[in-house]
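Visitor: Chains as they are written, first to last, in my numbering: chain W, 1 to 333; chain L, 1 to 333.
Don't read these hints as lab results, they were simulated from the structure. There's no promise every hint is true.
Note: identical chains are not told apart, hence a pair may lie in one copy or across any two.
[As the list claims (entries may be wrong)] EDC-like cross-link-like pairs, simulated, lysine to aspartate or glutamate; straight-line CA separation at most 16 Å:
hint: 1; residue 1: K2; residue 2: E114
hint: 2; residue 1: K41; residue 2: E91
hint: 3; residue 1: K2; residue 2: E315
hint: 4; residue 1: K176; residue 2: D313
hint: 5; residue 1: K287; residue 2: D25
hint: 6; residue 1: K176; residue 2: E315
hint: 7; residue 1: K287; residue 2: D313
hint: 8; residue 1: K41; residue 2: E162
hint: 9; residue 1: K2; residue 2: E230
hint: 10; residue 1: K283; residue 2: E251
hint: 11; residue 1: K2; residue 2: D229
Number of protein chains: 2
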Amino acid sequence: MKKFINDVDNVLLESLSGFASAHADLVNLHLDPNFITRKHKATDKVAIISGGGSGHEPLHAGYIGYGMLDAACPGHVFTSPTPDQMFAAAENVHAGIGILFIVKNYSGDVMNFEMATEMLPFESATVLTSDDVAVMNSTYTTGRRGVAGTMIVEKCVGSMAETGADLQTCKALGDKVNERTASMGVALTSCTVPAAGRPTFDIDHTELEMGVGIHGEPGRRREAMREADEIVKDLVAAILEDFNTRGLKTEHSEALLLVNGFSGTPLMELYLIYNTAAQLFTKHGIKIARSLVGNYTTALDMAGASITLCLLDEEIKQHWDSPVHTPALRWNR
Amino acid sequence: MKKFINDVDNVLLESLSGFASAHADLVNLHLDPNFITRKHKATDKVAIISGGGSGHEPLHAGYIGYGMLDAACPGHVFTSPTPDQMFAAAENVHAGIGILFIVKNYSGDVMNFEMATEMLPFESATVLTSDDVAVMNSTYTTGRRGVAGTMIVEKCVGSMAETGADLQTCKALGDKVNERTASMGVALTSCTVPAAGRPTFDIDHTELEMGVGIHGEPGRRREAMREADEIVKDLVAAILEDFNTRGLKTEHSEALLLVNGFSGTPLMELYLIYNTAAQLFTKHGIKIARSLVGNYTTALDMAGASITLCLLDEEIKQHWDSPVHTPALRWNR
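My request is simple: use the sequences and hints to build the entire structure.
Guide: Pasting the structure below:
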């Protein structure tokens with residue numbers, strides 16, 4: 001294992017400290033329990049909190065700031081944060097009108113966020129994200145996994161919260177965006193968890209893992225490595241099939257297309273993937289109205305990528321386009 | 001070699017097409033000769049053009065847009081673009097008051113940009129970037145290499161050009177930023193050029209390449225892999241020594257600290273590097289006034305990172321902070 005680390009036990013703390021220091025104009029780091037908040041606490045709005053295992057940066061702390069999250073709770077690498085982190089974050093950012101948790105659907109996260117919810121003295125609700133179409137149950141999940149689409153949910157719900165909308169309105173939008181979002185990923189290499197010191201799974205140089213999870217969990221199947229267009233064709237087909245199975249009409253829809261790198265794949269290849277994916281979706285009658293290409297939900301050092309399609313409506317488009325000012329996502333349309 | 005590519009000969013074109021399609025609101029792709037311009041041509045300003053071999057994305061095309069570049073000329077992977085590309089780009093974006101080329105100091109780029117300059121019927125000037133302190137001459141260079149600091153030059157010069165400043169004023173700022181910027185990189189793995197199909201250099205799992213170039217060129221020496229703090233200490237020392245040798249005072253200076261990933265290193269590790277680097281520079285009496293952490297000048301799939309320090313003055317700070325709207329850098333302070 002070659003990584004830029006010192007003591008394996010301190011990786012998370014040192015990385016969080018660097019994050020907080022590099023973005024000291026935007027965030028505050030709180031320790032023991034660990035959570036990160038906006039530099040300036042927001043008032044008169046639903047507080048939006050997310051969190052999960054570390055190793056998926058910039059998810060979630062990179063999305064703290066105006067128009068997105070109020071706080072994030074980082075667990076150890078690929079490990080759920082604990083209820084005391086969520087509780088402390090909620091107490092810190094609660095602005096009087098409730099807390100909305102955005103939680104990727106993994107058993108540990110779901111259980112711990114539920115425990116925090118039960119402890120909280122204020123009103124709260126949860127949006128569970130489950131955009132990964134690859135598998136129904138997996139290493140860490142019952143039901144579909146939440147992956148890169150989570151960031152789209154966080155962006156839209158965060159925007160809605162800034163309007164002063166109430167808790168149920170924010171939750172309803174989050175559930176809708178999740179419902180209208182589907183993702184599928186592929187790995188060319190494994191990731192290596194620092195504490196494990198060796199790759200999570202073995203994969204030959206002639207193979208790929210189709211439908212891989214963002215922790216290196218198994219996908220649909222191990223397949224022979226082949227050219228990019230054929231890989232992308234399968235990812236796109238899986239997404240379209242999922243929308244079709246769930247009765248969501250894609251033809252003549254406007255959509256947001258996110259090509260997400262898992263961190264080990266260069267931007268040059270991600271744009272090549274985007275090129276093919278956009279053509280395939282367009283051919284299917286979908287209008288790609290918004291695009292995003294880059295490392296937004298990563299899997300440590302894994303080489304690989306995922307494609308996410310979010311079917312837009314006027315409300316989702318408005319909240320996607322609205323201003324956002326976070327370390328990892330920033331615009332002012 | 002496992003990469004998301006189809007035919008090796010089409011990698012660049014397919015990737016550029018994806019880039020242009022994903023950012024159709026910001027850029028136009030011109031083919032044969034290949035160059036990329038802003039969607040909306042700027043008027044009454046010096047036109048800023050950069051370019052170089054591909055494989056360093058988002059450099060340079062990702063920095064096209066308001067407040068930065070007017071055009072970029074992408075060569076094949078790790079290969080200089082040709083004079084006809086630069087000539088065509090210059091003809092397209094010239095707005096009547098001259099062209100400024102920003103060129104990383106590699107022999108092929110320097111020669112080709114010079115040829116384009118000689119062909120041009122309008123006034124032009126060139127800023128050569130040479131921020132890499134690692135080695136004086138290298139595989140593709142006479143003199144120091146231009147690396148991640150190039151992006152800081154592009155940002156500041158781009159901002160100056162938007163004010164309507166003349167060609168010599170823009171060039172003078174670019175030269176000043178380059179003079180006040182120093183970078184040093186380290187590789188944990190090699191990169192793999194698609195057309196070569198195998199790693200550019202061999203490196204053992206117990207080794208690192210200290211001072212590596214962004215094409216995988218040799219650095220100062222092959223060293224034993226060790227903990228991050230020790231690696232960062234050496235990178236920081238090399239940068240400080242360079243400023244010292246060149247008679248640039250660092251104590252009590254304000255600085256921009258850029259921790260740049262070569263593309264194969266996760267953000268979690270880049271923030272850990274930032275954490276240590278910021279502490280070391282601060283201890284040396286430097287005030288880290290601006291920060292940037294991420295993959296800004298990459299080397300295909302190389303695992304590794306570079307540290308860049310730019311000594312700020314009021315003029316550089318003003319132009320760094322000014323609004324920018326490009327695919328890869330966007331803010332509105």
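Visitor: State the violated hints by number, sorted upward, taking the hints as numbered earlier in the document.
Guide: Violated hints (numbers, rising): 1 and 3; every other hint is consistent with the structure.
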